[in-house]
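Asker: What follows is each chain in one-letter form.
4 protein chains.
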Amino acid sequence: MSVPVTTLIDDPIARVLGELHERLRHDYRGEVSASIPTLANADHKLFGLAVCSPDGFVSEAGDVDVEFSVQSISKAFTYALALSDRGREAVHEHVGAEPSGEAFSAISLEEETGRPDNPMINAGALVTCALVGGEDAREKFARIRSLMEAAAGRTLGFDETVYEEEQAASDRNRALAHFMRSAGSLTDEVDPTMEVYLRQCSVLVTTRDLAIMGATLARGGINPVTGDRVFSGEVARHVLTVMATCGMYDYSGEWLLTVGTPAKSGVSGGLITASPGQFGMGLFSPKLDARGNSVRGVAASQDLAERFQLHALTLPGGNLPVVRESEERWPEFGAGVVAIQGDLVFASMRGVLAAMEDVLDSTDRVLVLDLDRVTRVHAVGEKILQGAIDRLHDLEHDVVIVDGARRGIVTGAVEVETLDAARDWLSER
Amino acid sequence: MSVPVTTLIDDPIARVLGELHERLRHDYRGEVSASIPTLANADHKLFGLAVCSPDGFVSEAGDVDVEFSVQSISKAFTYALALSDRGREAVHEHVGAEPSGEAFSAISLEEETGRPDNPMINAGALVTCALVGGEDAREKFARIRSLMEAAAGRTLGFDETVYEEEQAASDRNRALAHFMRSAGSLTDEVDPTMEVYLRQCSVLVTTRDLAIMGATLARGGINPVTGDRVFSGEVARHVLTVMATCGMYDYSGEWLLTVGTPAKSGVSGGLITASPGQFGMGLFSPKLDARGNSVRGVAASQDLAERFQLHALTLPGGNLPVVRESEERWPEFGAGVVAIQGDLVFASMRGVLAAMEDVLDSTDRVLVLDLDRVTRVHAVGEKILQGAIDRLHDLEHDVVIVDGARRGIVTGAVEVETLDAARDWLSER
Amino acid sequence: MSVPVTTLIDDPIARVLGELHERLRHDYRGEVSASIPTLANADHKLFGLAVCSPDGFVSEAGDVDVEFSVQSISKAFTYALALSDRGREAVHEHVGAEPSGEAFSAISLEEETGRPDNPMINAGALVTCALVGGEDAREKFARIRSLMEAAAGRTLGFDETVYEEEQAASDRNRALAHFMRSAGSLTDEVDPTMEVYLRQCSVLVTTRDLAIMGATLARGGINPVTGDRVFSGEVARHVLTVMATCGMYDYSGEWLLTVGTPAKSGVSGGLITASPGQFGMGLFSPKLDARGNSVRGVAASQDLAERFQLHALTLPGGNLPVVRESEERWPEFGAGVVAIQGDLVFASMRGVLAAMEDVLDSTDRVLVLDLDRVTRVHAVGEKILQGAIDRLHDLEHDVVIVDGARRGIVTGAVEVETLDAARDWLSER
Amino acid sequence: MSVPVTTLIDDPIARVLGELHERLRHDYRGEVSASIPTLANADHKLFGLAVCSPDGFVSEAGDVDVEFSVQSISKAFTYALALSDRGREAVHEHVGAEPSGEAFSAISLEEETGRPDNPMINAGALVTCALVGGEDAREKFARIRSLMEAAAGRTLGFDETVYEEEQAASDRNRALAHFMRSAGSLTDEVDPTMEVYLRQCSVLVTTRDLAIMGATLARGGINPVTGDRVFSGEVARHVLTVMATCGMYDYSGEWLLTVGTPAKSGVSGGLITASPGQFGMGLFSPKLDARGNSVRGVAASQDLAERFQLHALTLPGGNLPVVRESEERWPEFGAGVVAIQGDLVFASMRGVLAAMEDVLDSTDRVLVLDLDRVTRVHAVGEKILQGAIDRLHDLEHDVVIVDGARRGIVTGAVEVETLDAARDWLSER
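Residue numbers (our numbering), protein chains in the order written: chain A, 629 to 1057; chain B, 629 to 1057; chain C, 629 to 1057; chain D, 629 to 1057.
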């Protein structure tokens, strides 16, 4: 009998995170934030890394259980809530979606509209705080906190001291708020808006929380651990989009080039990053670079991105042709088979339909469409495929769908689980 | 015999493009560019739409064969060539990657470095023109033109009149060039750099060309029609990244929110957009909005994006679990099977390895790993998987890979095409 | 007996003002400020013009007795008080003296120091409000009001409604205040600073008041009507200097070119301008141009400036040589006479001393220095002259000063009122 | 016999300059300009100071004969020539008059007009170079050089090496020129404009030249040494005005506060300053401060300004009432005397006319107006006085003017040289 393989699954992700932790924990570059005493006194040696898979497995290394104030990372979730409450158009009447190429506390507003550039800078987050539904500051904040808790999958603490310190150091943000009120982009009162804004920053999270919150975004709004839907897939997409271009302040462009995934950093040293369908990641290390991003967090992200090609625009290798098989299979039943594999995406549908026509041209009237190896169905694929099936029905062709998972990808056709079952169905009718 | 299905494949993409063309051709908003006489006299009624699939099928509608000067869309390809010639780091020593939130002709340079913000604005493109390899302006331009021709898959014309008009109206760009020379970010002489820059703008393309050039980016640098590699996958990713945040000038953020794919527009009314692995698209309509983007081009893109959810950060539906099957299948051979499907991505590898361990725990020593339904292999998946296979060999386990396409996803293991063949191999050894 | 000359002195200044009033009152260009209801509802037909001479005569035309809130014109006097309380260096640690070339509400602070550009824009005036001495907002404002009253020579009203409206519309200024607190240039609390700032704006003045307040600046800090010193000559000079470059917002440069005197405008339509030693002027007309300056106020000022060459840098004509006479007059007493006239200025002293030496070379030992026609003595003239007199005493020369006004321009010399008296003195000693 | 007084007139101005030279020559702060080799290699120990009085006496200390390139100081004279050639309005269609609060090489243009801020920054000077009359660059430059020579009173050299070095380092200015051509504010070709601009900078001057050139401005356009009129008084006033607010770059405001006279500095370390009617000054010391102004030049100017209160807005002391005497003097002739002294300025005319009326009320019909002690006649004084004299003639009053200098201040009246002569005239008619 062979050696046990326990070391095999010794979670390869966790192992990589562990290696990174070991290597980077000696990187003492940067400075902790001096913005408030609690941050200025943070233990700069802390360093946590966690990854959450779309199915909810968390891999981790370092100080993943240490709590810290979420700070600006909350902006992504407050924006999510404002979008959920008001819709994209109403939200973006008051805040832009353009990267500013400026620092987090930039004071510039759009010339004609008076809108702050985007929801990831302070000015924009003040606006989204005001747009969140709720009678008053208390209720607005309670709803933001609830949404963050749903995304993290647990009850989150609140740091009253941080909140008070933030209030005492809030002049620049108050300036932004008054400035936007004078420009008309902030319609709420300044004081309650500041309260919501500063409270959302004072919620306590761990590195593990951030990983799961990121995975919630990566899963299109569903927390992969609890299975709860926290916000819609559309909201998740909007949030990730704005994080992609604006989440790392004036480092956003270079981040996207070297890491390539939507991300958001906070002044306490937290960093969240997520890739749709792939992963959520949380990083935490208090020392910041000149742009206000966690030094080790950025370094670890860049290492992981390069090592594993996590870039959201990377073209994966090993691609298979979308049409796996296309043949007149069972002439006795006047039937042909078209087998599809991989992703049903926009542009590939032309090839799929061409294959379907070829098979039908050489058979009598039955199309067996094998979707068993279709792993992802983009909306457009579904739509175009459904249109073709409907058309075939109009032309009095029969269609049999093979899908072991019975996903109901198209409607109005016989669905069976295997090719053998399809043959049985053909022989029996 | 049934009715012929010709209308079925009546290319659904082309049909949608045709509908859009019909609807939007009455949209007369915007103004043609007045920057040079040729553009000022352009026929504003022209409107072309084309989509190229990753396997090289082109669907189209409208005036897809009309030639127009490529203008700023060339910036994406000159950047690609500079990256190919010099590498990312050397290029970005001289030009940033940050969205500027400013107009195409913005004159701002980075305070400390003197770099222009990014390669998609005029200032940045002047820098990339200078960085392209070549003895002189003639050679540099010849190489840029060749690369565009390789991406389009045909010989492209050159509009001498446009070039001369551009020279006559080049004061602002000359100002940028001198400005950058004084700041040290442009190291070449101004005159030859202007020549390369203005010549690249004067190359003639059609809407169909743009679709294929886009598909070349979407295919990671391989022209899907000719099959030629034009630039590396890494270069394609860099170009798409910078297009994503900077390609639509100060509309980039809203474009990304409402369309969600990397894109680049030109002052002649051309627009190119691409999604990795999904499609390349070309659009052409001379009237521009206030930000200098084609009015109909933007409208058509937004319609298509919404209708087909083309957004690059959209989470597709119909996802299947990555581990399709995990069982002790052939106890007689001390073997178990783990069947994987879909994409091998970063975070999902933990689940894959866990399944592998589970199976090996309950079998003697042989793992049959069925990769036949794996449609895309991300680098990380390959890496982690290979690491696990190597580990199993160290532990003296045998591994049999099943892959009908014999893609060689991992090395050092027996590879067969079917599960039956795997069983045969087990029985024979 | 001849016709009475009453019409002669029919105050030529008043007549010109009357003509201007008649001509410009039909100029309806511009808009009243919409910043607060009281201003929005102002009677735009109101138009007042007043000039106060350095000796306290007021010439006027139009609605010179109508009260309006002083608004930004108060900034000049609050700056004067801050200078009086703290000195120039301490004040300018917190606020610059550079024209910003920007609008009144510009939000830009100096990059390194965080100082607002100058005390004539809102941000700078908030700083000077904070720098004014006083225990609290009440006392600070009481002192500012007192200083304005001393400059106007009467008790000034306060518009409580305006103050409340300003408070309700103070978001942008509150933004500036918080912004500067965060930058460290404003060290007081925001609320009391805002109170002082908004109260100083709500003091009620008339056009006549402005003329007298201007004359107080023109007279080096002495109210020419009451004779009271309101602030020092040095403070007056600082205030006029900053008014000269910054008082008319982003129109300051063109104002200086076309009018050429220090000035300050307010959003209620008031305008004050002053020329050292020449005049103070008040103008009032509520409709403002795009830069926020009173349309008729600017037009009237430009007309007067051109007609009467009021520009502060105009070289006056009719200049007489500074040395009127230089001769050996009374050889019997070994005495010579040097008669000086006009202004004793820096560069002309060389000629004066040369004349003194010439006379002494040809006489024995007595210099009679006739200063009776010296009308203005610049500090440098006094200093250099005193130095020469002292030197003559060291050399045992006698000096007799002739000055009908017995001004005591130099000390240590015999002073008589006439040349005859000088001769008497010579003959008697 | 007393000690000779030679040391008395030992030019007090020169003595002060000598003391300053001695004290400041050990001030080694700052850096010589590195913009071109010639400047980088300048002897930083050089230090010259010169003052020219309005009557053409030059006092000096240090290296006043050393030649250096005039650099940006030429901007004041090119502006003067453009004004002379085109008039104020035509010039300022293309260049503003607003202080920019920015560095000399600022690239900002006015948003709506595309004009550079003012003629004292590089961009603005390029425009004035283009506006100078002349067929081509050669002629334009020749005319600028001639004007500078007329202002200096001698033939000026030209440094060909400096010109060539400037050409080689002209990228930023070329950028400005192309930028302005694209904005429409520069209408000439770039190359000839650059040639004129760079040539004007390469003219050689000495510190003494600068003092005389400054005195030419201070004398309203008349070179006080040669007596030649170089430009009009109006042009001199415009130039001084723009120098006052824009001549010292982003130090202009503080310069005006601490020195208070119009000035212009150059990158070679030259500095020119002038006060209307008072003096012209030249300073030269190559080491520059962070704003590009000569360190010792600024320090010396501040010392002199404080010591001698040279500030243009200083109110001089020793003022005498404008009406010296007003009495019924010769009742036998039905005549009264009004004696005026000092300056006839705008606001003081009311008092003068009131005195005239008082005297005429108590006499029969003759007014003797003694102007002998009037030292300066402002345009407005002359105008108002003439109006009153005309009115008296209409009323059939006789007027006798007493003016020893027979300046002809008013017309249409008998003019005599002394009061005795007036009495004789009265008795004889």
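Keep in mind that the hints were calculated from the coordinates and are not lab data.
Please note: incorrect hints may appear among the correct ones.
[To be verified] Have a look at the derived ranges for each label pair, beta carbon to beta carbon:
hint	chain 1	residue 1	chain 2	residue 2	range
1	C	A796	A	R782	42 to 48 Å
2	B	D931	A	D764	36 to 42 Å
3	B	E659	C	K673	39 to 45 Å
4	B	R1034	A	D1052	52 to 58 Å
Using N, Cα and C, we set each Cβ at its ideal position, and we do this for glycine too.
Asker: For the range 52 to 58 Å, tell me whether the beta carbons of R1034/B and D1052/A fit it or not.
Answerer: 31 Å, violated
Asker: Tell me if the beta carbons of A796/C and R782/A are separated by a distance inside 42 to 48 Å.
Answerer: 45 Å, holds
Asker: Honestly, do E659/B and K673/C meet the 39 to 45 Å range at C-beta?
Answerer: Holds, at about 43 Å.
Asker: Go ahead and decide if the range 36 to 42 Å is satisfied by the Cβ distance of D931/B to D764/A.
Answerer: This hint holds: roughly 41 Å between Cβ atoms.
Hint check: a violation occurs at hint 4 only; the rest are consistent with the structure.
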